[in-house]
Amino acid sequence: MNRKAQMVCLWSAPAFMIVFLIGFLIAGLLPPPSPHSSAIKIAHFYANHTNAIRLGLLVMLLAGAMSVPFNCLIGVHLKRIEGRSHVLAYTVVAMGAVNCILICMPVMIMTAAAFRPLRDPNLTQTLNDLAWIPFVMVFPPAVIQNLCIAFATFTDGSRKPVFPRWVAYFNLWCSFLFLPAGLLTFFKTGPFAWNGLLSFWVALTVFGSWYFVMFYALREAIKSQAADEAAGAEPATERVVPPVTAVPQHA
Amino acid sequence: MVVSLFRQRVTLVWLGLVCVTGVSWWLGTDHSAAHKLATIVVLGVAFTKVRFVGMYFMELRGAPLPLKLIFQGWCVVVCTTLLIMYLVGG
Amino acid sequence: MSSGEFTAPAGIDGAASDAAPTPRQGRTFAGHVPGEVGVWVLILGDMTVFALFFGVFMHYRDHAPALFRHSQATLNQTFGAVNTLLLLTSSLFVVLGVSAVRKRMRTVAPKLFLLALCCGLAFSVIKVLEYSAKARHGIGLNTNDFYMYYFILTGIHFFHLIIGMGVLVFLWRLSLKPDVGTKQIQYLEAGASYWHMVDLLWIVLFPLIYLVK
Chain A
95 MNRKAQMVCL
105 WSAPAFMIVF
115 LIGFLIAGLL
125 PPPSPHSSAI
135 KIAHFYANHT
145 NAIRLGLLVM
155 LLAGAMSVPF
165 NCLIGVHLKR
175 IEGRSHVLAY
185 TVVAMGAVNC
195 ILICMPVMIM
205 TAAAFRPLRD
215 PNLTQTLNDL
225 AWIPFVMVFP
235 PAVIQNLCIA
245 FATFTDGSRK
255 PVFPRWVAYF
265 NLWCSFLFLP
275 AGLLTFFKTG
285 PFAWNGLLSF
295 WVALTVFGSW
305 YFVMFYALRE
315 AIKSQAADEA
325 AGAEPATERV
335 VPPVTAVPQH
345 A
Chain B
509 MVVSLFRQRV
519 TLVWLGLVCV
529 TGVSWWLGTD
539 HSAAHKLATI
549 VVLGVAFTKV
559 RFVGMYFMEL
569 RGAPLPLKLI
579 FQGWCVVVCT
589 TLLIMYLVGG
Chain C
1267 MSSGEFTAPA
1277 GIDGAASDAA
1287 PTPRQGRTFA
1297 GHVPGEVGVW
1307 VLILGDMTVF
1317 ALFFGVFMHY
1327 RDHAPALFRH
1337 SQATLNQTFG
1347 AVNTLLLLTS
1357 SLFVVLGVSA
1367 VRKRMRTVAP
1377 KLFLLALCCG
1387 LAFSVIKVLE
1397 YSAKARHGIG
1407 LNTNDFYMYY
1417 FILTGIHFFH
1427 LIIGMGVLVF
1437 LWRLSLKPDV
1447 GTKQIQYLEA
1457 GASYWHMVDL
1467 LWIVLFPLIY
1477 LVK
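Residue numbers (my numbering), protein chains in the order written: chain A, 95 to 345; chain B, 509 to 598; chain C, 1267 to 1479.
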């Protein structure tokens, strides 16, 4: 086990959150521009704060890839649960890559909008829509990632589970809360719009708290893995590979 | 044996909840009733029902105190908040 | 793992407590967590989010009470009330089902879970009827604020109910098993608690959306 590498991946999560937040604030994107705003208003936004927006987006671009190592760390620990089959671990790793693109792509589109802020306002608004809609709306990768973590944790039949069971339930709860963002396609105002309480702010809060909880859970998992290996236990033999039934039998 | 299964306190609770639902329904659809009073009763009754569902159906009566308090606290806080918003607002 | 009748928590089924507190725990933590602690993270978390939804609804209602009252009048209160009764009854079946499993009543328990599932299906049919009736009148998500909340709040609840029906199938299958140990009872209680949550959320949604004037 490469503990140092795992710890770096672990701490990449708070680093990601901090850098992401700083980028958001520099660009003035918190709170997000309203989907209800006219094209002129959006164009003014990009024209009046152009360099701050460009810089903030650049910082957010940095954050984009920083989110990936943490997912891979989760994958490593899911592999410990899964034993020989790594399906769920691979899914979580793949979703990490997808999430990276889901940050980078909208950021790049907004960068394009800020690149020539004096173009036709309708074009700027179009670019703004094209950035914000995927930024807030694409919930399936996060949901599937969380479902994998939950499923793996529930089927962890070992004597010392990698993650405590409440982490599985927490991931299910987070999945529920990412879903309303899908409704933003129907609304330009109100709590379900892309800047609304339920589509944006609740989702952002859940997104942040997911990182806190998983950071804590992974820190414990890394510690227990190190302890296991220090005690000389062979990880493969310690695990009781659960039979594929609806209800795992406890040893 | 099946009958004995139904002869539990929980069935009585269910009966109570059903009756109270009927009362709420009547109050809520009776257009001559004083709106504000009817709404207060209807909402208060709803959260009382929730408390009973929690205590008897979810078996929280036998649960540790913190869990009981959080659940019942939710009932009280949410009910009060909604009633205040209703009375102070429109 | 004891053979024979599984003892239920104190106060339930009149059985003696199976969770006597250790001196260290003291009286505060004495008791039995239905299911497991984790499922209460989910249940209380979901209840909190719905509380937020309720608050948001009431907030927007305060801005346009006449509109809300007027639109509410087009809703079918009877359907809403029948749905409440259906869910209350399904919850009773679930409680009795869990009780039956504890009492080792192996033929009765699965039937009770199936009855609960039937209630859930009936709820779904009524919901679909309601939604399609609105759709036929050209009323949708975007018609006005009230209808937005009507469709979204009842829709999100409906989504929880559909998942709940999956949980009921899981409980039904569990109750069919010949060997019922502590773990199975734990899953039963956890699943049952989720279904009761679906019930209690509707208990609030029905008056809030259909009856509050």
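Hints may contain errors.
Stretch by stretch, here's where chain C covers chain B in the computed footprint (C-beta under 8 Å, at least three residues) [unchecked claim]:
id : region
1  : 563-569
2  : 588-596
Computed from the model, here is a short list of chain C residues facing chain B with C-beta under 10 Å [stated by the list, open to error]:
id : residue
3  : Val1374
4  : Pro1376
5  : Leu1380
6  : Lys1479
Bear in mind the hints are in silico, worked out from the structure with no lab data behind them.
Since the structure is predicted, the reported quantities are computational estimates derived from the model, not experimental observations.
The beta-carbon is built from N, C-alpha and C at its ideal position, and this holds for glycine as well.
Hints, verified against the model:
1. Counting residues of the region 563-569 of chain B whose CB lies closer than 8 Å to any CB of chain C gives 6, which reaches the minimum of 3, so the coverage claim holds.
2. With 5 residues carrying a beta carbon less than 8 Å from a beta carbon of chain C, the region 588-596 of chain B meets the three-residue requirement, and the given coverage holds.
3. For valine 1374 (chain C), the suggested interface contact is upheld, since its CB lies about 6 Å from the closest CB of chain B, less than 10 Å.
4. With 10 Å as the threshold, the beta carbon of proline 1376 (chain C) stays out of range of chain B, its nearest partner Cβ sitting at about 13 Å, so the hint is violated.
5. Violation of the interface hint for leucine 1380 (chain C) is found here, the shortest Cβ-Cβ separation to chain B being roughly 14 Å, above the 10 Å cut-off.
6. Against a cut-off of 10 Å between C-beta atoms, the interface hint on lysine 1479 (chain C) holds, since the closest Cβ of chain B lies about 4 Å away.
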